[in-house]
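Protein chains in written order, with UniProt numbering: chain E, 1 to 311; chain G, 1 to 501.
One should not assume that every hint holds.
Claimed, not checked - Stretch-level coverage of chain E by chain G, calculated; a stretch enters the list once three of its residues show a Cβ under 8 Å from a Cβ in chain G: (1) 3–11; (2) 91–100; (3) 107–117; (4) 254–262.
To be verified - Distance windows between CB atoms, simulated: (5) Lys43(G) / Met150(E): 26 to 36 Å; (6) Asn461(G) / Arg232(E): 55 to 65 Å; (7) Gln36(G) / Ser206(E): 38 to 48 Å.
Since the hints were derived computationally from the structure, they do not count as laboratory data.
Note that the structure is a prediction, hence the values are computed from the model and not measured.
Ideal Cβ placement from N, Cα and C applies to all residues, glycine included.
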Amino acid sequence: MLSRTASALYWIGRYVERAEFTARLIEATIRLDALSARPAGRGAWESALLVTAADYDFGATGQDKTPRNVGAYLTLSRENPSSIRSCLDAARSNAKSVRTALSRDAWEAINRSWLGLRDRASTGGSHEMLGVVEPIRAEARGFEGALHRMLRNEAYSFISLGAAIERADNTARLIDVKYHLLLPEGEKVGGLIDRDQWTTILHTVSANTAYRWLYSDGLKPWLVADLLILRRELPRSAAASVDEVVMHLNAISQRTGLLGEADRIARQRQVAIERTSIDSIFGRGLHEYLSEFIIENARLDSAIASQFRFG
Amino acid sequence: MTLNRAFDEVWGTQEGRDGRPEFTELAGWINDTPHQELDRRQKAAEAAFRQLGITFAVYGEEEAAERIIPFDIVPRVFTAREWANLSEGLVQRVETLNAFLADVYGPQKILKDGIVPPELILGNPQFRGFLMGQKPPHGIFAHICGIDLVRTGPDDFFVLEDNARTPSGVSYMLENREAMLRLCPELFQIYDVCPVDRYPDLLLETLRSVAPASTRGNPTCVLMTPGHFNSAFYEHSFLADSMGIELVEAADLEVDDDIVWMRTIEGRVRVDVIYRRIDDDYIDPLVFKPDSMLGVPGLIAAYRAGNVALVNAPGTGIADDKAIYSYMPEIVKYYTGGDAKLPNVETYRCREPQALKYTLDNLDKLVVKLVDGSGGYGMLVGPTATQAQIEAFRAALVAEPQRYIAQPTLALSTVPTLVESGVAPRHVDFRPFCLSGSDGVQIVPGGLTRVALQEGSLVVNSSQGGGTKDSLILSDTPGEFGGGQSQSQVIGAQSQSQGGR
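Isolated chain E (complex conformation):
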């Protein structure tokens, strides 16, 4: 496989995943803003900006942090490189340049979601915004479905690899920001933490039901963290994403005979996370743990790029 093709596929995986995650985040934020007993409003949208690492750039636009403005920035803005529109533009552009490596269904899912946003000028209020992000989620599911029907070859592995790396990053950020935001200085873990925020986290990763299945206690922050970081049964958890990265790198090395730095880092992470308990994470500090995780994830990303000569 051409190195350029591998790189484009990997980034398709990342961008589609990112677009979907942002869509979920917006839905959960709208919910948090509207449904909670004490309207969260501005704070909820501020935290959404933080999770997507778009707070600084949004500040530079000089706009007021109203739900409408932030929603539009996360969804349609061309200035925001991580907006859903920018992600879909990039995913489609990559997909177009490597169409030969994608199945027709996979291409169509990307192209359709791109077409769906193409002529949209504004998202309007929260109701319309839901109307914009729901189809994005549906198309992302369609893309994932199409992906699973592709040949299990390198193309499949590189897309999945990109998606897994992106997912690990998103999940870690989500927990870190929400947790950090809500835990005032000196506050004890498990203290007065806003329930709604933790529900939002679960909503963002569609894990409410999963949580009830796995834990019989009510909503406990450390259990939410346990679920999202360590439980392999949850496909979006950090542990599951780390496993998936190892799996796809293995598949690639089996087909190509290539083994390198990326494989080494990925396996190390897998071993490390296997040996970790939620108690030790909280003992060291959740924020510290997640920050390291995110940095390591980025290191793995660049090791992948150099191992496969993304150039």
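Dock chain G against chain E, hints included.
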């Protein structure tokens, strides 16, 4: 010759509603299928094309302005006999083009014998003098030719243009057929239609057959594209995909010691055959445009060393130059000893004083073209031009007559086409695709029919708003192809009824 009495491929020259005897059933289908139903199917086809991204980027417009080429649901049909005659003429034509190129870049006998004026070749910007004496692998220059044909009567076909560089449109031949099989299955019940879907296999076979002698093992063939901003990118990816070969951009290739390599995740892989969809001018910045980012430095050196086959070979542009075109009847005779089975459209070479005078006197009746123009640009269609346009061309012709040719405006045949008010005749041309490999010439029975969607218009180019139709070639051995297609049609019908529930 007036345009409103053109020969219609279904109705013939008569006013009746029965159609030509060969096409009574097609005429019946056109008459019996309600306009709304045709319209519905056409829209379904266009929606599918849009969804598949079968688009055509229009230069100078934003990427957002990607268009699909309008598709017309009423097909054009050729009888088996018509096709037999055409393909015989086409084989002769492309064999001639290859013989001509081998001669021009070799002994140049045709120039020495005074058939073609030497200055027309040697002073032509398409002539690559530095490739003199360079024989491409297996001696083939123009592996893929798109020969544009027009028709004026039941037996009157003319070659309008020979496209011997990087002719495009074959993906539409294939996709239009897919759409027709899905949307108008009954047509394939009425007629036994020759399939076109072998084209990618034949193309790959052709590429492999011209691999250079240095090839070890199975030849590695790639398709080289300028990238996804190119207007024909869909076709490039479609073809690479259907052949199962890599679609490469310049950045994926490197030349080392006169050998071409592609960069893969596993390291470098040697490339033997490049089907390049990039013009000569851009393929190698060391030889052609130094500022081009689309090319691979050293590619021409690798080609000259005999280490890679370039398809089509560099320098083929000389064969489809419009000034050379006018000599094709003589060129065919020179190399084959016989008359051209497919005649040229009568052409006035404005470089010749007599022809220039005639052209200037009859500008309102002629089509005037730049010898090196393409895509319908740089063209005067006399009968529909304004006085100002005619005068502008008059001045240009007087200033640089050698840059122009002129042709009579032909009464191009029409084919029934779906328009707003129903089905009406629209002018068409036809581009079949001819493959020349080391084992000879092969032509898939089909091609691209382009249709001018404006009433009375003769301009069919997609960049000028033309559309396309499926081109059905009827089989003369009934039943040979019918089985497979009625099968796929049954499947189509089933899924449709399920979708309706």
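Hint check results:
no.	hint	in the structure
1	3–11	holds (count 4)
2	91–100	holds (count 6)
3	107–117	holds (count 5)
4	254–262	holds (count 3)
5	Lys43(G) / Met150(E): 26 to 36 Å	holds, 30 Å
6	Asn461(G) / Arg232(E): 55 to 65 Å	holds, 59 Å
7	Gln36(G) / Ser206(E): 38 to 48 Å	holds, 44 Å
Consistency with the previously given hints is maintained throughout, with no hint failing.
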